[in-house]
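Asker: Sequence:
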Amino acid sequence: MGLKDIKLGKSIDEIQEGDSLTVTEIIEDKDILLYLGLTNDGNPLYIQHDYSQTTRFHKPIVPTVLLVGILTSNVSKHLPGPGSHIVDVSLNVIEPIYHNNMITFNFEVERVDERREQVTISVVGTNMDNERVLDAELIVETPCKLIFDEAENVIMNERTEVEENADKVVYPTTMADDDSE
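Read in order, the letters of the sequence shown are residues 1103 to 1283 in this note's numbering.
Straight line, CA to CA, 25 Å or less: simulated DSS-like cross-link-like pairs of lysine-lysine: (1) Lys1132 / Lys1179; (2) Lys1132 / Lys1161; (3) Lys1109 / Lys1179; (4) Lys1247 / Lys1109; (5) Lys1179 / Lys1247.
Bear in mind the hints are in silico, worked out from the structure with no lab data behind them.
All chains, please: the whole structure from these sequences, using the hints.
Answerer: Pasting the structure below:
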């Protein structure tokens, strides 16, 4: 697959305050077991019914990092979409989320910062009883569009100058990227 075939999400000029996405997920035991296996997380609160009955939760709960993964994957897939990069995450789990619960995540663009080419997305998660169980805020750098000039065999992104070699993409530099002083 070449660079021309990559499908990118919305760039900063294509997204606006109020853009939204609603996703419903059922977080099943298999999802939790995959997470626990990948991370080698042996917390009994996430899988041990006998242990979790002795806690305030009374049954196993979904790991918080798995919830963050659901949020970030939907940003990467849908809003803004492929090519975006999450630079900050704030998450508040209001109520425990249990295995096999259906959670609806409502994403909404709250702020567009054109100078930084970032959007702030709020997320509200509700359970099957329409009770709020999760609040999150994500700051996301939007993807930059690639520009192709077939005649000149040039690839560049909309933030940079022309790159003379079509096999290479030039990424923008910022003051933080510059080591010279």
